[in-house]
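Q: Each chain, written out:
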Amino acid sequence: MARTATYQQAINEALAQEMERDETVIVMGEDVAGGLGTDGERDAWGGPLGITKGLYGKYGDRVMDTPISESAFIGAAVGAATAGLRPVAELMFIDFMGVCFDQIFNQAAKFRYMFGGKAETPVVIRTMYGAGLRAAAQHSQCLYPVFTHIPGLKVVTPATPYDAKGLLIQAIRDNDPVIFCEHKALYTLEGDVPEEPYALPFGEANIVREGDDVSIVTLGRMVHVATEAADALSGDGIECEVVDLRTTSPMDEDTILETVENTGRLVVLDEAHPRCNMATDIAAMVCEKAFDSLKGPIKQVTAPHTPVPFADTLEDLYIPDAAAVQKAVKAVMESSK
Amino acid sequence: MQLSRDDLLTAYRIMRTIREFEERLHVEFATGDIPGFVHLYAGEEASGVGVCMHLDDRDRIASTHRGHGHCIAKGCDVDGMMAEIYGRRDGLCAGKGGSMHIADLDKGMMGANGIVGGGPPLICGAGLAAKQLGTGGVAIAFVGDGGSNQGTTFESLNLASVWNLPCIFVIENNGYAESTSSKWSIACDDAADRASGFNMPGVVVDGHDFFAVHEAAGEAIKRAREGAGPSLLECKLNRYYGHFEGDAQTYRGQDEVKKLRESRDCLALFRENVTSAGLLEGAELDAIDREALAQIDGAVTKAKTAPPPTAADLLTDVYVTY
Ligand SMILES: Cc1ncc(C[n+]2csc(CCOP(=O)(O)OP(=O)(O)O)c2C)c(N)n1
Ligand SMILES: [Mg+2]
Chain W
82 MARTATYQQA INEALAQEME RDETVIVMGE DVAGGLGTDG ERDAWGGPLG ITKGLYGKYG
142 DRVMDTPISE SAFIGAAVGA ATAGLRPVAE LMFIDFMGVC FDQIFNQAAK FRYMFGGKAE
202 TPVVIRTMYG AGLRAAAQHS QCLYPVFTHI PGLKVVTPAT PYDAKGLLIQ AIRDNDPVIF
262 CEHKALYTLE GDVPEEPYAL PFGEANIVRE GDDVSIVTLG RMVHVATEAA DALSGDGIEC
322 EVVDLRTTSP MDEDTILETV ENTGRLVVLD EAHPRCNMAT DIAAMVCEKA FDSLKGPIKQ
382 VTAPHTPVPF ADTLEDLYIP DAAAVQKAVK AVMESSK
Chain V
6 MQLSRDDLLT AYRIMRTIRE FEERLHVEFA TGDIPGFVHL YAGEEASGVG VCMHLDDRDR
66 IASTHRGHGH CIAKGCDVDG MMAEIYGRRD GLCAGKGGSM HIADLDKGMM GANGIVGGGP
126 PLICGAGLAA KQLGTGGVAI AFVGDGGSNQ GTTFESLNLA SVWNLPCIFV IENNGYAEST
186 SSKWSIACDD AADRASGFNM PGVVVDGHDF FAVHEAAGEA IKRAREGAGP SLLECKLNRY
246 YGHFEGDAQT YRGQDEVKKL RESRDCLALF RENVTSAGLL EGAELDAIDR EALAQIDGAV
306 TKAKTAPPPT AADLLTDVYV TY
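Protein chains in written order, with this note's numbering: chain W, 82 to 418; chain V, 6 to 327.
Some hints could be false.
[Stated by the list, open to error] Incomplete in silico selection of chain W near chain V, CB under 7 angstroms:
hint: 1; residue: T87
hint: 2; residue: D112
hint: 3; residue: G118
hint: 4; residue: W126
hint: 5; residue: S150
hint: 6; residue: G156
hint: 7; residue: C357
Hints in this document: simulated from the structure, not taken from any laboratory. Don't be surprised by glycine CBs; every beta carbon is placed ideally from N, CA and C.
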């Protein structure tokens with residue numbers, strides 16, 4: 082029987098195995114060990130949710146706590162990546178990209194191309210994103226579309242523990258800057274995770290569920306919302322094919338086009354805001370490249386165009402749910418030829 | 006600066022209200038009724054109150070994630086704050102902000118902040134506006150020891166100095182940023198040492214001592230009001246609870262908090278000071294203690310039963326919806 086582990090354990094294990102394999106891999110970030118300079122326990126935190134806990138005990142000073150100076154340490158990770166290390170820097174919440182974005186998008190993202198192909202920047206920025214923890218407007222955003230927009234960055238959004246481990250190992254071995262986005266509501270999710278190290282290639286979407294009536298293309302936590310909706314719709318005689326992007330950059334256009342060619346109907350589901358997100362991007366791509374396969378209009382299901390609200394009543398309304406997906410799928414069925 | 010009897014009673018009342026507010030939240034959070042992240046200010050009251058006692062409606066403050074104390078010290082409505090923390094519709098931010106984003110712009114409270122280092126640039130703007138409009142107002146950013154290392158803080162110190170702004174940067178050094186010691190994270194001995202590099206006064210005070218904070222803040226604020234420019238004030242103090250509620254605090258020494266509560270508690274020190282000097286009677290302070298308890302009790306009861314926001318509120322206060 083396969084071993085099960087949580088999303089969080091899978092990430093920790095990927096980091097540990099890559100640190101074991103390659104001593105140029107280092108981990109840095111605020112409280113990634115914790116307790117630095119105090120009278121109490123060292124490795125007191127392992128990050129605010131304990132994701133990196135235990136790495137300090139195994140790898141000592143290769144697990145580096147930082148001051149709250151994101152521009153400096155994210156930039157230092159980028160610089161170190163150009164000079165022989167493979168840093169995995171933790172930007173605690175994706176929302177904090179605001180205080181260090183230059184080092185990511187004007188520096189790391191540009192080197193390879195701007196320097197005429199001579200630079201390699203094997204840096205990984207791990208960061209948590211997404212709503213659901215009542216963490217309000219500055220700790221809950223889905224900002225992966227912002228990174229996806231920028232040439233030179235690879236953007237990864239694992240939906241399962243299995244993918245989290247395999248994609249993180251790939252991210253660390255990759256020679257380009259990778260933004261590794263972890264959905265904070267998935268950390269406790271369990272699933273099969275092989276104990277040995279394995280890498281999953283970027284740009285290969287995963288068909289999570291097969292079906293011939295409607296394709297639901299989605300990513301991250303929304304994969305589970307889509308699956309829930311698909312299970313319910315199956316009872317009504319509608320079979321959905323659920324496609325998990327896994328990486329938004331590179332994005333697997335072929336798999337998206339194939340599923341649309343098969344079903345002729347498309348719902349795109351994205352937890353990000355409705356303008357310039359993955360849903361709009363995929364809808365546009367499908368219209369351009371598979372218009373003739375479509376039997377009717379595409380439907381998008383996204384969060385609303387508002388900051389993430391604090392109150393639980395509002396946040397629950399904010400996050401796209403299975404009912405919204407079912408409604409969209411039915412609408413697509415009805416409006417198609 | 007001379008404090009009247011009324012001032013002393015007011016200072017004690019506000020500090021006690023903050024303490025009661027935070028101690029009660031600690032208890033209520035454990036029941037699971039309060040959503041999200043809550044960072045308590047208990048132990049640090051003398052700083053927020055010592056500074057804000059000098060302020061009036063012209064003046065603005067920017068706070069941090071640990072903002073409840075600053076809010077109360079700047080006059081935010083306690084019921085409205087409590088309702089906000091419970092995510093209620095009649096909370097100060099209509100339930101949309103929560104603990105980390107309480108704001109009351111009418112009171113000059115520019116907001117708690119989820120982004121470490123978010124406040125200092127904002128007070129440069131508030132200071133600039135006060136200067137340009139000639140209001141005589143000052144702008145104050147509260148910053149943690151951790152936040153003192155953020156690039157935005159350094160840039161703001163410099164900007165405030167070169168623009169000669171009526172700004173005060175109050176660094177509340179409680180020894181930790183999450184689980185990391187400020188002794189490690191700040192490269193110089195005191196964060197206040199940095200002030201000289203920005204050509205402004207930098208003063209260290211015992212942040213448990215209301216009178217020390219009040220006096221030092223008074224100097225800085227007077228200076229700012231007179232057009233003599235920004236200052237940095239570092240208050241050395243302690244927090245009684247974890248970084249956020251739920252933090253096991255294994256990075257702290259054994260009995261660390263217990264000893265602090267016994268020896269350096271700002272409320273106990275205040276009481277000792279004013280009663281031994283014969284300025285106030287113990288019984289007067291006891292009465293304030295009881296009133297604060299009743300006030301917070303009432304705030305919690307109201308917040309618990311207040312209605313939450315509804316679907317109609319989700320899409321309001323953005324200029325466009327799709
Ligand atoms: C830009 C940014 N980086 C990191 C965080 C996460 N974070 C929240 S509070 C905190 C520690 C702050 O320490 P300090 O400034 O000393 O304030 P204290 O909590 O001690 O009051 C950290 C790292 C954040 N909210 N924003
Ligand atoms: Mg601190």
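Q: Does each hint hold? Answer for all of them.
A: These are the hints, each one checked on the structure:
1. Contact between W/T87 and chain V, as hinted, is not supported at the beta carbon level, the nearest pair being about 18 angstroms apart and thus beyond 7 angstroms.
2. Residue-level restraint check for W/D112 holds (minimum Cβ-Cβ distance to chain V is 5 angstroms; threshold 7 angstroms).
3. Residue-level restraint check for W/G118 holds (minimum Cβ-Cβ distance to chain V is 3 angstroms; threshold 7 angstroms).
4. Contact between W/W126 and chain V, as hinted, is supported at the beta carbon level, the nearest pair being about 5 angstroms apart and thus within 7 angstroms.
5. With its C-beta approaching chain V no nearer than about 5 angstroms, W/S150 sits inside the 7 angstroms limit, and its interface hint holds.
6. Taking 7 angstroms as the C-beta cut-off, the interface hint given for W/G156 is violated, the closest approach to chain V being about 10 angstroms.
7. Interface hint at W/C357: violated, since its Cβ lies 12 angstroms from the closest Cβ of chain V, which is beyond the 7 angstroms cut-off.
Going through the hint list in order, the structure does not satisfy hints 1, 6, 7.
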